[in-house]
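Undergrad: Sequence:
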Amino acid sequence: MLKIRALNRESSSDEDVPVIRREAQEEIALELYNKALRLQSIENVAEAEEILLNLLNENIPQLENNGGLPSSMSTLKYSCCVNIGNVYVKKGDIDNALEYYLNASELDGTDVTLWHKIGKLALKQNRFRQAAFAFSRGLDCSESHWPCLDQLISVLYALKDTIGCLVYIGKALTLDSDYTKGLVLRKQIYKDNPATLPYYQKYNPDYIWEPPLTVEIDENDEKLILDKEQILCDRLTEVEKSQGPKPLQTIPLPKALDDYTWVALGKVVIDLHQYITDNNMSHFTMVDISKCMSQNNDVEMEEAPKFEVPPENKVVEEVVEKAAEVEVEEEKEKDLKEKEKMEVESVLERRQSQNSETNNEGQENTPIQTDNDEEQAMEQDGDDQDENNDSKTDKNRSLNKSNKRKRDLLSDLQIWGWHSKRKSAKKGKSDKDFTVEDALNRIIPKKLLKSKVGEEKLNQFEDSLNTIDMYNMYAADEPANILSPVHSLTAATQEEYFGTDQEKEDVLSLWTKPRDYCDAIVLLKDFVIALSKLWSAKWPKDLVHMYVEAYSMYREHFDHPEYFSGETPFLELKDDAMATLLYGELLTFSSPKSEVRVIHVTSLGFLQFVCGWEDDWHDEYPSVLLRVYWLRTHIFRKEGNNDLAIRALEMIHEVMLEEEKKKEQLYVLNLPNCFKCGAINSEVVTKILKHLDMITSLNCIEELYNGEKYRDVAEILKLTFNSSGNHPTCGKMGRPAQLAMLMHSLWYTDLTECFVWTEECLFEAVGHFLKPVRNADKWEKIVEKCLAFFQEIIKMETVGVVDALSEDKRARLIETLAKIVCKQLNTDNVSKIPLGCVTPWILLHYILVREEHRQQASKRVSHIKTDKTDTDLDTSDTQNEELPPSVAILFSAHEFLGPRGWCLIGNGELLHFILDTILDRLDTPIFEPFREKIDIHIEQSLFCLYQHPSKKNKISRHLADHNVDPLSLTWERAFQLYDFYGPDCLPEFNSYKNASISSDLEQLLQRIIALVPPAMDPQPHMSKLSDFIQGKTDELPDPIKFSTKVRAIYYLIGDYYFKQREFTRCIKYFLMDLCINPTRVDSWACVGLSYLSQLENKLNYCKKLRSEMEFLDKAKCAQISFRQALEIEKDHIMLWIEFGSFEYMVHSFCSRVMKSESDTLSLIKKLF
0 MLKIRALNRE SSSDEDVPVI RREAQEEIAL ELYNKALRLQ SIENVAEAEE ILLNLLNENI
60 PQLENNGGLP SSMSTLKYSC CVNIGNVYVK KGDIDNALEY YLNASELDGT DVTLWHKIGK
120 LALKQNRFRQ AAFAFSRGLD CSESHWPCLD QLISVLYALK DTIGCLVYIG KALTLDSDYT
180 KGLVLRKQIY KDNPATLPYY QKYNPDYIWE PPLTVEIDEN DEKLILDKEQ ILCDRLTEVE
240 KSQGPKPLQT IPLPKALDDY TWVALGKVVI DLHQYITDNN MSHFTMVDIS KCMSQNNDVE
300 MEEAPKFEVP PENKVVEEVV EKAAEVEVEE EKEKDLKEKE KMEVESVLER RQSQNSETNN
360 EGQENTPIQT DNDEEQAMEQ DGDDQDENND SKTDKNRSLN KSNKRKRDLL SDLQIWGWHS
420 KRKSAKKGKS DKDFTVEDAL NRIIPKKLLK SKVGEEKLNQ FEDSLNTIDM YNMYAADEPA
480 NILSPVHSLT AATQEEYFGT DQEKEDVLSL WTKPRDYCDA IVLLKDFVIA LSKLWSAKWP
540 KDLVHMYVEA YSMYREHFDH PEYFSGETPF LELKDDAMAT LLYGELLTFS SPKSEVRVIH
600 VTSLGFLQFV CGWEDDWHDE YPSVLLRVYW LRTHIFRKEG NNDLAIRALE MIHEVMLEEE
660 KKKEQLYVLN LPNCFKCGAI NSEVVTKILK HLDMITSLNC IEELYNGEKY RDVAEILKLT
720 FNSSGNHPTC GKMGRPAQLA MLMHSLWYTD LTECFVWTEE CLFEAVGHFL KPVRNADKWE
780 KIVEKCLAFF QEIIKMETVG VVDALSEDKR ARLIETLAKI VCKQLNTDNV SKIPLGCVTP
840 WILLHYILVR EEHRQQASKR VSHIKTDKTD TDLDTSDTQN EELPPSVAIL FSAHEFLGPR
900 GWCLIGNGEL LHFILDTILD RLDTPIFEPF REKIDIHIEQ SLFCLYQHPS KKNKISRHLA
960 DHNVDPLSLT WERAFQLYDF YGPDCLPEFN SYKNASISSD LEQLLQRIIA LVPPAMDPQP
1020 HMSKLSDFIQ GKTDELPDPI KFSTKVRAIY YLIGDYYFKQ REFTRCIKYF LMDLCINPTR
1080 VDSWACVGLS YLSQLENKLN YCKKLRSEME FLDKAKCAQI SFRQALEIEK DHIMLWIEFG
1140 SFEYMVHSFC SRVMKSESDT LSLIKKLF
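For the sequence shown, the residue numbers in numbering that gives the first Met the number 0 are 0 to 1167.
Quick caveat, the hints were computed from the structure, so don't treat them as lab data.
The C-beta atom is built at its ideal place from N, Cα and C for all residues, glycine as well.
Treat the hints with caution; some may be incorrect.
Here are the computed distance ranges between Cβ atoms for each label pair [said to hold, decoys possible]:
id, residue 1, residue 2, range
1, Pro-591, Asp-257, 21 to 29 angstroms
2, Glu-63, Ser-830, 46 to 54 angstroms
3, Glu-63, Val-829, 48 to 56 angstroms
4, Asn-279, Ser-73, 36 to 44 angstroms
5, Asn-278, Glu-63, 42 to 50 angstroms
6, Val-595, Asn-95, 36 to 44 angstroms
7, Lys-201, Asn-278, 22 to 30 angstroms
Each computed DSBU-like pair below joins lysine-lysine, with the alpha-carbon atoms no more than 35 angstroms apart [to be verified]:
id, residue 1, residue 2
8, Lys-780, Lys-770
9, Lys-818, Lys-808
10, Lys-240, Lys-190
11, Lys-708, Lys-794
12, Lys-254, Lys-186
13, Lys-661, Lys-675
14, Lys-831, Lys-449
15, Lys-449, Lys-503
16, Lys-254, Lys-675
17, Lys-222, Lys-201
18, Lys-573, Lys-661
19, Lys-445, Lys-794
20, Lys-227, Lys-186
21, Lys-1067, Lys-1129
22, Lys-290, Lys-254
23, Lys-266, Lys-540
24, Lys-1113, Lys-1067
Modelling step: build the complete structure from the supplied sequences, incorporating the hints.
TA: Take a look at the structure:
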């Protein structure tokens, strides 16, 4: 059979571009090359150049295979490079020509003519050594290539390479003994340096084949040749002179010194150094500081009148600048706040307070340093910093998202539907909640929820506003007992320096001091050394950055003084050490995070060596030593070398204790220009030491945990909690793993303590869970773990374990759980609930239950929320009874989770918890006022769980369909349905029909009895009971063991069918009930009445009996049932009446039968 397929069947699309084969590409490249040659021949250089460049850049690279070209294309590429070089030679572009010639030489280095061209072009560009190399390579290709040899001899002679020149002259004379140029240059070399002759003869033994030195040379030829070679030598000399050193010039300042301040001087010095660097000038260039570069005239610096600026103008300018800055900041703050809070009334007050704070901050040069900063700086961890930065960058974005509340219209309609048919006797305030935040704020007492859910609060990881600098606390409490080191400004006598006449005098003195030599380096050194002596004064912000830049420039030209020789004066060592120390402090403690520079390790070694000379430093020794070791501490900490950091801190602590012991006063060292870690005292050092010790301990927690030393692990991890939010980590174990290890360790040691610290862990984890951070999945797992620990501990220790938390911690836990449920419900575009559990709602219930217990113990009304501060609300609230908060929180959980199809999360955990919690207490007095509301929510829970009732009717139309798949009903759970829907009182055999169960309940009971365990199934015992009823035996079978909660289930079903007059079916269920409850009067009575009704129907409707025994057998069963019922309750009049009627009916039937039989017998006698 012929098989047909499309030719393009394997094509991916109709738009596939046809692929050009490799051979065709090579043909195209050759054709283009030939076209370029033709264009060259007709002097069309530009077009030829374009084609050749396209070949090199586009066509030929397409033919590369595994990084290489076929030999034919490699030759083509070589030819292209050579021809492009030829084109550039014609255009006079020697540099580009050389470049392409050299590229060609890399492809094929065997072309002697190419090397000759390269050598000639290099000579034109005065590249003598490149020319010598090219000519030598040409000779390598062909030893007898005379143009290369002749040119190489001239170049080597000009380069003064006499031996190399003699070698090639020898080769030339071997080829041509009459080579006049070679003879002349050889003679001149030996004449200029006679010692060259014996050296060359030993270097080149082949000299014997050269012509003798006595060969006669024409003087005119000799002179002509030497003059020609001298021209090349002169060219080389000129080139060397142009590249040699030039005499330094004196330049004026690029910018004038406009004010005698350190900031102005720093700008001038730094700009001068930068100007010299940018213009490739020598930094030793002399500088005339009395002049500056100007477009018009030179300015005499000493006579400039602009130095004296009236103070009033200065003040006005500063005020205007600051006011402008404040206005800009206010506008930014205002726009941000309006976006974040659109509908909150308290925005105005907060914005005003923040604006006032902004104004205060704008008037300061440097930020206030606190001890909390030192602790935070020592606690920085890479992962946590990234997480915090990520969370801060997305803060505004998440705020706008979370503040927008969406109305759940479905829940509104449900609430209206529920209350349309079940109106309360007392109309209270509406409990409709448009958002979960509204529900939480309404349900949770204000004592536990101190701030409403949804209101923005300060980040718990930001520094507390109540944190006060340790140094400031001591200065405020005991100002007289503070000891400041030398050159440090005390709290009592601190004086301003910058902006005063003293600053102007110091700058003027430095600027005008006599100098033998003045250049940029000298000015830099004077500036850095002089400014480093002012380390104890508070600088303007700009000056800090200037000093760091100036020191970096200064260190480019000066190394540290030699301190091992003992010849360097101590003053020089001191100046350099103070400058280096200040640079390290500003770089470490005042530079932005983007700063990548660090102080060099050699500088640290120099400082450590010099700071130990106590005799030379005199009174400055303590402060210098403390500053050096303080700097080393933080550098070692950043490098992760905690052991060295601890040693440095111990040294600091020891020195400070010695000083305090000498003076009997508190020793405090201030570094006013360090924006962080600028206050050093013994208490701060002690705190950091403890912190580093704790970090060291973290290195071994995994080993301790594996060794089941859980108490030690817990004690170490407890120390990692602090208010700053930056927690130390070690190795690969991150913060989430630490929290998990802490909870597990306490789980094995003390459950109550585990509960307390789980709250701490949850509070920290939720801060990361609510924000988009890098390790979001890890923090989500920790939140899940915390919730699971809470629930398990409460199950094991009862709800009383909540009392282990302080009142503030309980309120914080409530707020944390509220944030979690808000996060779960306010997350859009998700099909699964975040965290995958409803545990937060259950934990809220437990805490509210315990609070209700506490209120009941103090004789408070637990089910009425009151607010003692608002008397107007008191009068209205006390008149309206509300559900207890512990119950209302569960019902609200169902209301909000249901519409999203999440009410059966965790195999119906929430709804099962509602049933377990409420049903057992449903009949208690506390729930009596709310029974109607509670019934509605219970019915909704059961409807979602088991889809009962399966069809809505007028009674159950308040139920909402949450579009969830119902769970399979189990025997144990069936008890709850029976308990809730079952009648409080069993109907009697003679009660009205409406006292019986409904058809919906009958269907539910049928579902329940289908779940009866085989051990409790009454059907195997029915045969024995049937024998007893039929009179086959006189012994009533023993009752079977059946669950007491549903012992009447078969009776209710039988009663339902009995009232429906379905006697055959009802007898079956009554007999099952009698297998369980043989003493139930109503079951015996109903069995007897059922048989009686069946007999009456047959008699009344004149149904033909198959035999009299059929009637008598049923009558026997009815008689035994009636008699058994009367034995149980002998005084039951109604039973006696029914039994009497039954006996009469049977007697009448038998009489008729007997009469009929006697008549029949007499008729037979007559006939026969």
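Undergrad: So, for every hint listed, does it hold in this structure?
TA: We went through each hint and held it up to the structure:
{"no.": "1", "hint": "Pro-591 <-> Asp-257: 21 to 29 angstroms", "verdict": "27 angstroms, holds"}
{"no.": "2", "hint": "Glu-63 <-> Ser-830: 46 to 54 angstroms", "verdict": "51 angstroms, holds"}
{"no.": "3", "hint": "Glu-63 <-> Val-829: 48 to 56 angstroms", "verdict": "51 angstroms, holds"}
{"no.": "4", "hint": "Asn-279 <-> Ser-73: 36 to 44 angstroms", "verdict": "42 angstroms, holds"}
{"no.": "5", "hint": "Asn-278 <-> Glu-63: 42 to 50 angstroms", "verdict": "45 angstroms, holds"}
{"no.": "6", "hint": "Val-595 <-> Asn-95: 36 to 44 angstroms", "verdict": "39 angstroms, holds"}
{"no.": "7", "hint": "Lys-201 <-> Asn-278: 22 to 30 angstroms", "verdict": "51 angstroms, violated"}
{"no.": "8", "hint": "Lys-780 <-> Lys-770", "verdict": "14 angstroms, holds"}
{"no.": "9", "hint": "Lys-818 <-> Lys-808", "verdict": "15 angstroms, holds"}
{"no.": "10", "hint": "Lys-240 <-> Lys-190", "verdict": "26 angstroms, holds"}
{"no.": "11", "hint": "Lys-708 <-> Lys-794", "verdict": "26 angstroms, holds"}
{"no.": "12", "hint": "Lys-254 <-> Lys-186", "verdict": "61 angstroms, violated"}
{"no.": "13", "hint": "Lys-661 <-> Lys-675", "verdict": "29 angstroms, holds"}
{"no.": "14", "hint": "Lys-831 <-> Lys-449", "verdict": "31 angstroms, holds"}
{"no.": "15", "hint": "Lys-449 <-> Lys-503", "verdict": "57 angstroms, violated"}
{"no.": "16", "hint": "Lys-254 <-> Lys-675", "verdict": "34 angstroms, holds"}
{"no.": "17", "hint": "Lys-222 <-> Lys-201", "verdict": "29 angstroms, holds"}
{"no.": "18", "hint": "Lys-573 <-> Lys-661", "verdict": "25 angstroms, holds"}
{"no.": "19", "hint": "Lys-445 <-> Lys-794", "verdict": "27 angstroms, holds"}
{"no.": "20", "hint": "Lys-227 <-> Lys-186", "verdict": "16 angstroms, holds"}
{"no.": "21", "hint": "Lys-1067 <-> Lys-1129", "verdict": "25 angstroms, holds"}
{"no.": "22", "hint": "Lys-290 <-> Lys-254", "verdict": "9 angstroms, holds"}
{"no.": "23", "hint": "Lys-266 <-> Lys-540", "verdict": "13 angstroms, holds"}
{"no.": "24", "hint": "Lys-1113 <-> Lys-1067", "verdict": "14 angstroms, holds"}
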